Each structure stands twice: as structure tokens, then as C-alpha cells.
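**Student:** With these hints in hand, go ahead and build the complete structure from the sequences.
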Amino acid sequence: MQAIEDRRDLPPISRTAFHVLVAIGPEERHGYAIMQEVARITNGATRLGPGGVYTTIRRLLDDGLIEESDDRPDEELDDQRRRYYRLTGLGRAVVAAEVARLESLVEAARPWALESLG
Amino acid sequence: MTLGAGVGERVYRGLLRLYPAEYRDRFSGEMVQLFHDKLRDARAGSVSGGTVRAWLTLLGDVAVTAPSEHLRRNRTVAHSLSSAPPISARALGIAGILAGIVALAAFVIEIPQELFPPRIILMNLGFIAIVLAVHRRQAAIAPKLALLAAVLAMLPNAWVLVMVVLPVLRSGAIFGGALGLVLFWAEVALWVTIALFGAVTLRLGAVTRLGAPRLPLARC
Chain A
3 MQAIEDRRDL
13 PPISRTAFHV
23 LVAIGPEERH
33 GYAIMQEVAR
43 ITNGATRLGP
53 GGVYTTIRRL
63 LDDGLIEESD
73 DRPDEELDDQ
83 RRRYYRLTGL
93 GRAVVAAEVA
103 RLESLVEAAR
113 PWALESLG
Chain B
1195 MTLGAGVGER
1205 VYRGLLRLYP
1215 AEYRDRFSGE
1225 MVQLFHDKLR
1235 DARAGSVSGG
1245 TVRAWLTLLG
1255 DVAVTAPSEH
1265 LRRNRTVAHS
1275 LSSAPPISAR
1285 ALGIAGILAG
1295 IVALAAFVIE
1305 IPQELFPPRI
1315 ILMNLGFIAI
1325 VLAVHRRQAA
1335 IAPKLALLAA
1345 VLAMLPNAWV
1355 LVMVVLPVLR
1365 SGAIFGGALG
1375 LVLFWAEVAL
1385 WVTIALFGAV
1395 TLRLGAVTRL
1405 GAPRLPLARC
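Sequence lines, in order, name chains A and B.
Using our numbering, the letters of the first sequence correspond one by one to residues 3 to 120.
Using our numbering, the letters of the second sequence correspond one by one to residues 1195 to 1414.
I should point out that these hints are in silico values taken from the structure, not numbers from a laboratory.
Since we're looking at a predicted model, the values are computed, not measured.
There may be inaccurate statements among the hints.
FRET-style restraints, in silico, Cβ to Cβ [what the hints assert, rightly or not]:
#1 B:1226 - A:73: 20 to 28 angstroms
#2 A:102 - B:1379: 55 to 63 angstroms
#3 B:1253 - A:71: 25 to 33 angstroms
#4 B:1349 - A:94: 49 to 57 angstroms
#5 B:1356 - A:41: 51 to 59 angstroms
#6 A:72 - B:1219: 16 to 24 angstroms
#7 A:71 - B:1312: 56 to 64 angstroms
#8 B:1238 - A:101: 31 to 39 angstroms
Yeah, the Cβ is synthetic: ideal placement off N, Cα and C, and Gly gets one too.
**Tutor:** The structure is reproduced here in C-alpha cells:
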């Protein structure tokens, strides 16, 4: 896992992919939950439709950043047709690298960017 | 728009046919489930017109993501993971798009005579940009054939460019008479070699490989 140890090896990801990865977070989520969570964490600024969610999920699956969970929720609690997704180790590393990158940007901007807001 | 649940689902399933078959096989069940969730929440919400708004969102979602999925079906998130393209690649891409627009415009709208030279110049520069951009990929697959196709495509482009730019700079008009005939044959050569370049591109499969840069992540 060399690339995970050296986060600089991990290139930036698209904003939508990052939103979906963060929305899944440490849990397992299905498509609709991901859609709702993306809207919540972006304060409604990003609202994905089914196509937006699943085109992103497909690419994240194909690149091994997320995986489908084998576990199914209790039949009485949820629809058995739903598939649940969770981050892989690589997915977590990519999120961590992106967070570090954004933190660096925020640190650079903080001294002056908030002055204009008073 | 108050379609019944059954009719609505049939409509949405019909819309899902716009996605590539492989994608549909994999995700249509989940997308229909999500469709129901979204409409259920819209109906339950207190906002008036929530269902109509949900349908508009769904239609917009399909309109945007179905074509992109067709374009991306051979691509992975590598595109979002890969580093931003260099300025040279962006410039070549913009020039190519501009050339495409100019070429299409020539068939769609009647262009005034005085705009012919800039149109031809833009098309030539665009062709050159496309050749340079695609040649990079071709060269990685078959360097000699790629070089031959690129040189053949570039020469008539340069030839036409010189023949259009020089007289415009001198007198503001394109060559006429005997030189006009030379320009005509230069343009014939240009289209033939561009077609040849296209054939080489298809033969090498360079276009489908445009979207397959391997991730540094693959080392994990």
C-alpha cells in the first residue's frame, strides 16, 4: 500500500466523486441515502439525481475506491433490493489525501479571505 | 404532472433505455428504487409542485448523465483522479472544438464572403491541433505509422494556411485564377490526408485509448 502511505501520490478527484465518498463515510449507504447525505453535507448546494449518483458510483467501483457490501439489512427494516456501498482502504486514502489538500488551501486562504466578511 | 406510480415507473424505465446497456443492467433496478424514493418524498413534502419539480429534476438528470455515460463507458474515475491536463492539451482541445464549430457553421449558416479567410484559418489551426493531440496517443502505439499520418495531415494544412494567410495579409482577398486552382488542390489534399489520419486513428484504436490512463493508485 505504498500510495496510501505517501498521500502525495494520490491525485485530486472530482468534486462529485469526493462528495459521494464523504457521503458514504465510515458507514455503508445505499444510493438514496448517498443522495440525501450529499445534499445535507453541501447544505443543499449539490443535489444529485439517480443518474448522477450511479454514474459516480460506477466509476468509484471500477477504480476500487468503494465496494458493494455483502451484508443486507433486516428484511423488515429495509428493501432487500437495495445495494449498500462502503469505502475501501484505497477510498479512505483518497479521501484523506483530498482532505489534506483542501486543508492546505484553506490555511493559505484563511488569513485574508475572511477579512472581507468582517 | 401527476402520473400514477405504475405509469411513472414505466416512463422512467423507458428513459433508462437511454443509458448504455451494461450500465442499465447493473444499476437500473437501484435507479428505479431511487426514483420511487424521490417521488415518495416529493409527494410527502409540503412544498407545492414537489412532484413536478422531482420529475423535472429526474428528466434533467437523465438528459445530462445518459450521454455522459455513453461517452465515459470505457473510462473510469481515472479521469477525475488524474492530474489536470496541461495547458498545451487544453489549448489543443479548445482549438479543435473551435474548428469543429466553424466547420459545422459552414454547413448550417450562410457565411459572408469576407469571413471566408478567418473561417478557413480557424479550421486549419483546429485540424492541426486535433492532429497534434491525437498524434500523442497514436505515437505511443505505433510511432512510425503515427508520424507518417501526422506529417501527411499537417503538410496540406500548412500549405492551405500559407495560401490563405499570405494574400489576405497583402490584399485582403483569397487567391484567384491559377493560384486559386492550386488552393483548390491543396484543400483536396487536406481533406484526403485528414481522412487518412482518421483511418489510422481508428486502426490503432487511439481514440478509445484516450480515456485509459492507468492510475498511480493501481500500484496499491
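**Student:** Starting from the hint 16 to 24 angstroms, judge whether the C-beta atoms of residue 72 of chain A and residue 1219 of chain B obey it.
**Tutor:** Given about 20 angstroms between the Cβ atoms, the range holds.
**Student:** Does the Cβ distance between residue 1356 of chain B and residue 41 of chain A fall inside 51 to 59 angstroms?
**Tutor:** Holds, since residue 1356 of chain B and residue 41 of chain A (Cβ atoms, about 57 angstroms apart) stay within the stated range.
**Student:** Is the distance from the Cβ of residue 1253 of chain B to the Cβ of residue 71 of chain A consistent with 25 to 33 angstroms?
**Tutor:** holds (31 angstroms)
**Student:** Go ahead and decide if the range 56 to 64 angstroms is satisfied by the Cβ distance of residue 71 of chain A to residue 1312 of chain B.
**Tutor:** holds (58 angstroms)
**Student:** For the pair residue 1238 of chain B and residue 101 of chain A, does the Cβ-Cβ distance stay inside 31 to 39 angstroms?
**Tutor:** For residue 1238 of chain B and residue 101 of chain A the Cβ distance comes to about 35 angstroms; the hint holds.
**Student:** Given the hint of 49 to 57 angstroms, is the C-beta distance from residue 1349 of chain B to residue 94 of chain A inside that range or not?
**Tutor:** Because 53 angstroms falls inside the window, the suggested range holds.
**Student:** Quick check: does the Cβ-Cβ distance between residue 102 of chain A and residue 1379 of chain B fall within 55 to 63 angstroms?
**Tutor:** Since the Cβ atoms of residue 102 of chain A and residue 1379 of chain B sit about 59 angstroms apart, the hinted range of 55 to 63 angstroms holds.
**Student:** Between residue 1226 of chain B and residue 73 of chain A, is the Cβ distance one that fits in 20 to 28 angstroms?
**Tutor:** holds (22 angstroms)
No hint from the list above goes unmet by this structure.
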